[in-house]
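Just so you know, the sequences run in chain order D and U. Note that the first sequence ends on residue 507 in the UniProt record's numbering; no numbers are left out. Note that the second sequence ends on residue 503 in the UniProt record's numbering; no numbers are left out.
Among the hints, erroneous ones may be present.
[What the hints assert, rightly or not] Straight-line C-alpha distance at most 20 Å; calculated SDA-like pairs for lysine to any residue:
{"#": "1", "chain 1": "D", "residue 1": "422", "chain 2": "U", "residue 2": "443"}
{"#": "2", "chain 1": "U", "residue 1": "443", "chain 2": "U", "residue 2": "378"}
{"#": "3", "chain 1": "U", "residue 1": "443", "chain 2": "D", "residue 2": "475"}
[What the hints assert, rightly or not] Computed footprint of chain D on chain U; a stretch qualifies when at least three of its residues, placed anywhere within it, have a C-beta under 8 Å from a C-beta of chain D:
{"#": "4", "region": "44-53"}
{"#": "5", "region": "393-401"}
By construction, these hints were calculated from the structure, which means they are not laboratory data. Every residue, glycine too, gets a C-beta built ideally from N, C-alpha and C.
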Amino acid sequence: MNGPGIGLRDHLSRLRDRSDIVSIDDRVHWDEEAAAVASVAAREGGPAVIFEETPGRVRFVAGAFGGPDQLAAHDREPWDRIGDALTAGEDVDAVPSTHAYHDLLDLLAGRGTEPIPRSDAEPAATPDPTLDLHTLGLPTLSANARPLVSLGVLAVDLGPDAGTTWVPVRGDVRGSSRLRIILPRAFHDRLGRAQSATVDGTADAAATGVSVLLGVSAPVLLAALQGWIGDRVRTDTPELAAGLAPVAVSRVADRIVPRDAEVRIDGVLEPTADPEPAHRGDRRSATTTAVDAATAADEWRAAWEATCATATAVVRADRIATREDPIVAFAPLGAPLSDDTQLVSLLEAARLSRRVNGYWGVSPVRWVRLPPEGGLGICLVASEILYAGFEWQLANTLFSFSNLFDKVLIVDENSDPTDLAKALDDMWVKAHPANDWAFSEPHAPSATATRYRRDGETGSRLHIAATWDPRWDEEYIAPRVTFEQSFPENVRESVRERWDEFGLDRE
Amino acid sequence: MTVDSLREYLAVLESHDDLQRVEESVSWNLEASAITMLANERDARVPLFERTEAARLVGDPYRGSGNRPWNRIALGLDLPADLSRFEFYEEVIDRLQDPIAPTAVAAADAPVKDQVLYGEDVDLLRFPWPYIHAGDGGRYSNLHTLVAPDPDSEWVDWSYHRAMIHDGETASVLLLAGEQTPNLYYYKYERRGEPMPVAIVVGAEPAVEYTSVMWIPTDRSEAEFAGGLKGEPIELVECETNDLRVPANAELVIEGEIVPDARRDEGPFGDYFGYMHGPRRSMPVLEVSAITHREDPIIPFCVEGSGVGYAENSTSSMEAGCVGPDATLGLRTAGFDVECCAPWTSTPRTVYVIATDRTEPGYLHELANFIFTTWGMLHVDFFVFVDADVEPTDSRAVVEALALHADPDADFHQFGVETMPKVPLNIYQTPSEKGDIQTGTSKAKTAKTYIDATRSSPAVDRPPELERRARETLREAGVSVALEDALLGDRPDREPTAGGWRR
């Protein structure tokens, strides 16, 4: 999928077309104030927010990949901004304002690749020797926190076999030229092997040239996450990004970077002597290593960190390049419905959907959702119930494929993925509280997105079968009260034809 | 200005551009309810059907808006529609604590006596009771107040039990043992072989309608609570064929007796939880002795089952706007430290959310089971407890609390304990589990459960001033920020509850 590529600016332009972004023209300080505004906007289901007047070099945008909650009626679905971001290069009139959930899931589950285009063009961001990491003016999450990199991507060359890969990172600024970053442990280990293979493990090999990219487009972010979180690592993330949407690239030193990145921090990756202890995102090792305490800092990790083990490294910045009037997307980490949660919600649902439907030789599952409203701590799955007991099998398959959640709600196959309120209603009215709420023995690994049992202690999991029991007679099955089901066709037609005459709609 | 009648309330709705008069001829036979269901789904104006037979119909007049289900309830109490949830609840709670005795009016001054029909003139079928869902067992009156007396005292209960019209003189009434009026019937009147005198008040003034869905303690005057809610006495007038008194400004009153040892079919019916449920059941029989009504009466009805998901109807909005504050007051009066008790926003009755500061072991157990033994016994299966700073009417916040803070290992209680009663208005029991027993409750027991979704460690909060400034910044940019200021610590201190738990 070669082409001109779409960047964050194209996406923001699309959001303006949709009237789904507002500008804050008042001066907003990067020190906790922007994050507070972004948090409220996300929690309230508001539009994306651009902070036009900030004291630093960069402007910020929050909510570019976010969306409203689905527990109240909104014109937009939670995933629509991500859908818009992936289609920002297409004619706006040809792209519906609401994106079909199944289509997005299929696109992300497919993990298709495209060759990356030629990379002889210069990056859009040009070096500015007057800049350092502090003068960029990145936002902080609280008064005493450091400037934050929340939706960052690290570009690094892994050698002639693997080439460039893009890796999700969260980071905070340490001084004018040091950036401490959290990255997937799998990447950390992979990089170590690449270095050993390349230079025979000499001490000089420890310093690796990298670029930290801020203000990148959705396909770049999504591909970095696709490649490095979850259970199967892939290094060909630029090709994955090109498989999602057109991506233009450039070459910086030995690595390929998205050409349209708003800010690029070139430098050297300095691995710590040992990676930090396994994050509880890696539940399989949680019983043998220390884990993070439930501190405020832990609440402010990026959502993807709950999906995998992480490691810490430091980037020593040698050069900072920016586009003119740069704009950086950031997520108010820890806030409900933040961008990072929305991105992981979609990706994890796509991954699980692909895996469960490829597991039994048939594809009973209609959709999987990890609603961002639930902070990734609960998974909803709509499925045909193949036989008695299939609910248990399905739930435990999902538990074994993902470590994020310990609650699975199973709803009937005809449930609507765009009506989360009704899907959750079924949990209360359709599942028998004595029979259909099933708790496992208390020996399951703890979930990583939840806020309890953070010491790694084992416990129970819960699955709720809000489905019709396949053993029930047809006469037991209660029809839903809906306009379609509660009225005969002639009444429906008559009402629809005369609706405007009734004058009931508001202006 | 108080709202003295359904008509006045509809005029208030009209003045707020919340009501539309439908002049086209509309049939009671599924058509009025189909239009109302679409209006509910689209959050459109309330339809007042001017041209049906012999009376007018109004569909779901108390339906609120999706994000503020109490807003039209508030209009019925002469309160602003834009009150926050906190402001609205506290105002209703204040009013409920200040009951006002009713006054009596002569029949000549009672609009509901404009027309008085006895004997052979009594004919329920003269009125356009709606057939609401295809598949319902019959036509229903389902937005009314059932007035019934205790045979052993002066207490008169006002409640909300639907009636299925059978013919010109009889209807079956849904009476489920465990609620006050059904208990009077099953365990007093019927055991003594006596008929229970009743009056079904159709189209009562809003305060009366609201009181009917609340759990007013036994022996307390419902009329006084309605007066408290309204801020003025309710005017009552004597019935024609029994000793009951009914609101004088009602649109229509059906007088009669619920006779002992007789049952007629009731249901199936598309019910409040959003499904048709069956099977057809046997319920006590109302024999009508008189009908009185205003000129050109207006019959309100509710399209049950349409108040789920994103849509509201009268039932779901009254649950949020009437039962919620009443339950909050009831729990506080019982000594529990409850910030708010409110229904889950997208399905009425089955699940309630309670915000409380008290989360120590034993407290939530006591609180949940206290409710299950009172008003929560029949319909409510679940309580979800959240921290006091979580807004119970904010489903997003409650789902987050459930997902992230409720540990399957420790926080889900009484699931699987099949020892509690249940009404057959559910879809998770089989017909054989529901049975068809004389007192209306299901044959099989069920579980009554609660979930502790409070945090195990304190929330990471931003300073209130920063939060306030952030919201102001967004508002100035044109972003709608609905979350109320009261969540930021601006709430006035409540009077301490009397004695407290374990008092």
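Holds or violated: are the alpha carbons of residue 443 of chain U and residue 475 of chain D at most 20 Å from each other?
-> holds (19 Å)
Taking only the CA atoms, is the gap from residue 443 of chain U to residue 378 of chain U under or equal to 20 Å?
-> Roughly 13 Å separates the two Cα atoms, so the pair holds.
Between residue 422 of chain D and residue 443 of chain U, is the straight-line Cα distance small enough, at 20 Å or below?
-> violated (28 Å)
Per-stretch coverage check for the region 44-53 of chain U, three Cβ contacts closer than 8 Å to chain D | holds (count 3)
Do at least three Cβ atoms from the region 393-401 of chain U come closer than 8 Å to Cβ atoms of chain D?
-> Coverage by chain D holds here, the residue count being 5 at a Cβ distance below 8 Å.
Violated hint for the displayed structure: number 1, the only one.
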